[in-house]
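Residue numbers (my numbering), protein chains in the order written: chain A, 283 to 574; chain B, 283 to 574; chain C, 283 to 574; chain D, 283 to 574; chain E, 283 to 574; chain F, 283 to 574.
Just so you know, these hints were derived from the structure itself, not from any lab.
Check before you lean on any hint, since a few could be wrong.
Pairs involving identical chains hold if they fit within one copy or between any two copies, as the list cannot separate such chains.
[Said to hold, decoys possible] Cut-off 30 Å, straight-line C-alpha distance, at most; resulting in silico cross-link-like pairs (DSS-like, lysine-lysine):
hint : residue 1 : residue 2
1    : 569       : 368
2    : 382       : 463
3    : 569       : 285
4    : 569       : 404
5    : 569       : 463
6    : 404       : 285
7    : 285       : 403
8    : 427       : 325
9    : 463       : 325
Number of protein chains: 6
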Amino acid sequence: MLKTNVETFLGCEAELADARIVIFGAPFDSTTSFRPGTRFASKVMRGESYGLETYSPYQDLDMEDAAVFDSGDLELCFGDTETALKDIEERTAEILAAGKLPFMIGGEHLVTLGAIRAAVKKYPDLHILHFDAHTDLREEYLGAKLSHASVLRRAWELTGDGRIWQLGIRSGLREEFRWAKEHTNLRPFNLKAMPEALAALQGKPVYFTIDLDVMDPSVFPGTGTPEYGGVTFGELMEAAVAGCGLNVVGCDLVELSPAYDQSGASTAAALKIMREMLLKLEEPFIKGPVQV
Amino acid sequence: MLKTNVETFLGCEAELADARIVIFGAPFDSTTSFRPGTRFASKVMRGESYGLETYSPYQDLDMEDAAVFDSGDLELCFGDTETALKDIEERTAEILAAGKLPFMIGGEHLVTLGAIRAAVKKYPDLHILHFDAHTDLREEYLGAKLSHASVLRRAWELTGDGRIWQLGIRSGLREEFRWAKEHTNLRPFNLKAMPEALAALQGKPVYFTIDLDVMDPSVFPGTGTPEYGGVTFGELMEAAVAGCGLNVVGCDLVELSPAYDQSGASTAAALKIMREMLLKLEEPFIKGPVQV
Amino acid sequence: MLKTNVETFLGCEAELADARIVIFGAPFDSTTSFRPGTRFASKVMRGESYGLETYSPYQDLDMEDAAVFDSGDLELCFGDTETALKDIEERTAEILAAGKLPFMIGGEHLVTLGAIRAAVKKYPDLHILHFDAHTDLREEYLGAKLSHASVLRRAWELTGDGRIWQLGIRSGLREEFRWAKEHTNLRPFNLKAMPEALAALQGKPVYFTIDLDVMDPSVFPGTGTPEYGGVTFGELMEAAVAGCGLNVVGCDLVELSPAYDQSGASTAAALKIMREMLLKLEEPFIKGPVQV
Amino acid sequence: MLKTNVETFLGCEAELADARIVIFGAPFDSTTSFRPGTRFASKVMRGESYGLETYSPYQDLDMEDAAVFDSGDLELCFGDTETALKDIEERTAEILAAGKLPFMIGGEHLVTLGAIRAAVKKYPDLHILHFDAHTDLREEYLGAKLSHASVLRRAWELTGDGRIWQLGIRSGLREEFRWAKEHTNLRPFNLKAMPEALAALQGKPVYFTIDLDVMDPSVFPGTGTPEYGGVTFGELMEAAVAGCGLNVVGCDLVELSPAYDQSGASTAAALKIMREMLLKLEEPFIKGPVQV
Amino acid sequence: MLKTNVETFLGCEAELADARIVIFGAPFDSTTSFRPGTRFASKVMRGESYGLETYSPYQDLDMEDAAVFDSGDLELCFGDTETALKDIEERTAEILAAGKLPFMIGGEHLVTLGAIRAAVKKYPDLHILHFDAHTDLREEYLGAKLSHASVLRRAWELTGDGRIWQLGIRSGLREEFRWAKEHTNLRPFNLKAMPEALAALQGKPVYFTIDLDVMDPSVFPGTGTPEYGGVTFGELMEAAVAGCGLNVVGCDLVELSPAYDQSGASTAAALKIMREMLLKLEEPFIKGPVQV
Amino acid sequence: MLKTNVETFLGCEAELADARIVIFGAPFDSTTSFRPGTRFASKVMRGESYGLETYSPYQDLDMEDAAVFDSGDLELCFGDTETALKDIEERTAEILAAGKLPFMIGGEHLVTLGAIRAAVKKYPDLHILHFDAHTDLREEYLGAKLSHASVLRRAWELTGDGRIWQLGIRSGLREEFRWAKEHTNLRPFNLKAMPEALAALQGKPVYFTIDLDVMDPSVFPGTGTPEYGGVTFGELMEAAVAGCGLNVVGCDLVELSPAYDQSGASTAAALKIMREMLLKLEEPFIKGPVQV
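Here chain A stands alone, though its shape is the one from the complex:
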């Protein structure tokens, strides 16, 4: 029988009503300062996802047992940042209101601000777990307060001091690193502080945002601002799965810019991180609640 052409991330084919996690794409890159192109990430990832298997031998879990709904991509207005953020906030709020977990695929890192605005309304005690190469703590960038270089600074205005954990950071202004000492928990260069972060965030509502450029450019060249000295794929996978063992109320993967990696490998890296995160988030429901 002829059917209309539905496209979803591999293994994310649950009915909306059954789903515990809802994916959406936020294809926006208007404030990108160096090299744009992250707008294509969600579309390319969806298309390439069928090159991956649904089964994870690492966790011995299979996406076929998960309940994930793919609600497609938002149609965001390029050049009008505030409008785009509002659309993202609305979509996130809608998912949260339905009692489901929003999983956003960027776009540039600024899209995270829209999701956090919605999350903090529902969870006033929201904490943030942030993996990145860059501080993203600028007060402004060339006069703009809404920029992918200032997204965590804007998020901090919503959460206040001490609620943001920043790991893997290896690039920023001197001022940003100094400012972070007062206001966030910044652990530079790698993800070795994860045990510390996990302990501090235990039981808190956590928004988990991963700027994929936390990986070394040797692993992940497909991004706008490659910054060497990053973590390996294995280190990120392990930490991302660990983070998903927290009380995650929303999460995202941002800053994949597929055109900068002609081999397609960066997209494959993003997809595998995404699969492992989804499986970890779904694990309690697949295996039954963890026994104490």
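Following the hints, put chains B, C, D, E and F in place on chain A, whose structure we already have.
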């Protein structure tokens, strides 16, 4: 409201019941002799189609008024040619049985054979209008009778002498050109014989197959076997629209291999040809039947 | 002697005081709807310009005799469109105030609005000569009034009916083509209406804006929205030179997106058009005033 | 003196009569499920091999002392899998019959089946050492039993239980991993089980097949199905050399797809692995038999 | 039977003794001023030649009837220009001494000087037919007298005034164009002066050198210095064939730089020109001497 | 105010008089044996440098406090090696004469010879610290004594035995490795011998030359001759900074070939190494002399 992610060619969003034309992709390239990659054409074209407008200033017609259904891509078995052809034949037959016109996006040129097998069953008097750089008339290729280099030869076995019109041809074996003199109406190098072909095909049931490499590689480098000396975009657009004024009972566009044109322009060329063909095919229904 | 590293377009090395033409880059692409990347055009063009000669055998004129100053690129705020346009307007106004002719290198087509805002203040009777594949006449795009798809509509709000000549147009909404019939002089598909446009614009102060995608993608694939059916390089060169024989008070070249043409040829095309335009604009001063 | 143009892998210029190892290419990729292109591997490797040195500082051995004959590439029929496998089997059998060691360059992984069919006829006790990212143990793929996703399953039908060692595996269906527990010695994720495998395979006739995608995509992006979490170059080189210390009766390197790594580095990786393997296989003859 | 791996241009497989034409590659690009890479042309062309057919429907001739020997590529010393030129001169002289016609594949245009040095020794009355975008008449380039920008000037020193015909030229210094008026027959912009050139060169010993960048970059982007305003493929093919009807004693195709055209189309263009030239040169021997 | 377009490496904007370090580019690659393209390194690095921050969180130092002057690129003669080397020697000598430290950006490795010729004249006791994948110790290459494959051999002729430390080497002729045992301090495969080298070089005038291909191609694919088995980015950064703690009298970074890494990541790697080296070299002046 959250909805599942439906993806169609731009402007091809009719309900199946209402549609007069049904599109499908045939992502197959296993017999490609030189450089594979046409399997990605339909997917990439669908994704890029939103870079085009629905309106044609050439014909003053708009896809918004057309009734086209996009049934997505077949999942074809690579490495098992006969099975793949059967799946294509079935899909084509199903569309024909529903009284609709099948519009196939290849894949390599061999996919045309599957569609023609279905069409000739419904229309025993089937004629073929064929634009191409290559004769495609080999008896076999490295021992294989099913090859993109022999597709028109196989089609001739179904239609017999004199029913195939081949235009734009500029590459082949000496034997093929000689064989064509006896069995097909081959008009080499360009599309200037279109008036002759149109006259001959008037009123006949026509399967219209366009190997996009009929265009010059300066226009259309995104193909497996670039062959210089081809036609311009404007020449192809004009002839393709003219061909769609015939009694077309099925058609296809084949041999776009998007990875060979990093600029994306070749994909844009294919899409614009496709839009103009769809509009011409739909013209009688948009404007009302032609008055006599 | 060690000197600081000055980089200019080839042959554009006049002192500011001596220059009649001032070049500047406007690297902005935040509102680009399809594929961004025009922000890199001015930088890449400057770097590649030494692959061209200063001498034109077409006009028998040499850039060594021209008086052009290259003032480098603006640093524009991505994601804040209005601020970016103000910066462009200021730079243009400064050049006009100095009695010189501004020659802007985009960036996306919206940058033209900044320049026209400045030009129309100095020349209230400003007319516009516009080469493009696209109408650019949308009232808005996804809610944004400032978009590269609406730049000529915004320009029309400054000039009023009948003062804009649009040539080469072959893509747009049905509504835009209809709107154009009332408000602009749109001549679709090619540049054959140049004699008519030249006659109408004779003696008027003219802002001349060339969206390089007016060229066919076979000639110029390096652009965000390739649209087949365009003009050849020779046709554009001839018309661009002819346009520069008018009373041009400002001009620009926009929408080169170098990363989409890995061969570098599109950049070379833009540079050669630029050289021929500069030489034609400078011709009266090189040869002395035209004798009557 | 003018000579005909002979092309061989660097340092593989022995006369056939003198050679102990015979190289051949098997350019076939018709069953590749995701991204084709491995057909170009042998040709590109041969061309790029002169960027490498003949001398290995790791083993202090030089290809100039080795006796390797390059018999060029087979001309395989795309789209007719069984015919292609027969041609590969014949070439392998011919080399084995001449008392030489066949060293095959793929192509996709299915080509290994042809070689193993020949090897198992000569060595009924054949064992297999298999490095790969993927299990390759499917019973069938989209209905085809001959697929690069099922090649080890087909090989198992020839060798029976317990004779296949699979290392580095990190992707597959849940069913494949479970099946492997009963039938093969699968050691997932890395090559750390090499001592165990070497011990088990000591003295056995071994066919050694390396799917180069066992390397991490950060090292080796030039492959059809990049799968993160793989081994480093150094780990593969060490294990490949160790494997060549066994009683190897045939071997291959498969799944390089050069077009997916525009930098050429993946090809260089394949070539260096190949050189080190050839030198280790030749070591007894270069240095004289190992003294006990 | 296992055979060593011989690689030749498609259809150029005659024995040396039988051949009338001898091909060789001259992979040298050390003096290239802008973008190097032509050193790869002959190797890539040879590899891609099997994507072409041996039969020409334009001339109704087949390479299978031609007698052409491919002697492979010279191994030239990069960075030592004079040594490289000597090696080229020697190879050319050897071919000429054997009574055969040398057909050289560059490399940059300077390689032509080596061939001409040999040709002028055998044919003191040597004339030159030169297709190019560039004058190549500089007295020197950055101090070097041996440069691809001065190759025709150096050739003129060997032939003297009036013996060089230059067609298609559209780029150079003002001085070069002026110098050409005194010393060569330069016909700028296109190939329309071919009848005039053919008449003048009738009966003379002619060295025919084609810088492939005479084609427009829309046709042939794969070159180091793209210069718009060039000829179409059809125009070049026609003129190249016409030129081969002269008394050609040596010829070459230079300046293909394959890496700048990722689509491979530029290489295909060069190969098709080459095939048509070879067939025209061989025509008298295929069809028997022309009857008078 | 309109200003001329000055372009420098990020943060290298000191006045010449104030600068302690002077950067210059040496865009030369005529002797490159395999794949040319390093001529573009300095230009591309300068352009991309604004994607990096001026601040180093590793050293807690900021380029804003450094005194570095960028004197732009030399204009070197391609194809005339000795002339190019003379120009490099002159520029280096001029910087040394001004009491400043020359920091050269290649170009191929041969450019180092020009700089060392100048340095050894001022510092007769010059020692060399050399990181590389390749020995670069050939007596000649295809007859040329001046080649990037022989640059350290030529340097040795100036310094004599025992003064050259070579780390990271993993490719060369057998003869080169043997020759090195007598004449240089070659420590193969990695940078673990740095403590030994640092001890030996303490207090000596050191020229520090880094061939960036010492990094593994997984980290740094953008080079002409990728050689696997190299060091990580972190290993190079640490060793490069340590080396800059010596009495460095000149240094360079060579063999980046940006076109071979379409992602731009290799360029980013080179830039970050450069920033860390500059900061270490400037550290004594930023923090004041080290206290004892």
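Status of each hint after checking the structure:
1. 569 with 368: neither (37 Å within a copy, 42 Å between copies)
2. 382 with 463: neither (34 Å within a copy, 37 Å between copies)
3. 569 with 285: between (34 Å within a copy, 28 Å between copies)
4. 569 with 404: within (28 Å within a copy, 49 Å between copies)
5. 569 with 463: Between copies, since 22 Å is at most 30 Å while 41 Å is not.
6. 404 with 285: So residue 404 and residue 285 pass the 30 Å test across copies only (23 Å; inside, 38 Å).
7. 285 with 403: Intra 40 Å, inter 24 Å, cutoff 30 Å: inter-copy only.
8. 427 with 325: both (28 Å within a copy, 26 Å between copies)
9. 463 with 325: Classified as neither: same-chain Cα gap 38 Å, cross-chain 37 Å, threshold 30 Å.
Hints 1, 2, 9, counting from the list given before, are not met by this structure.
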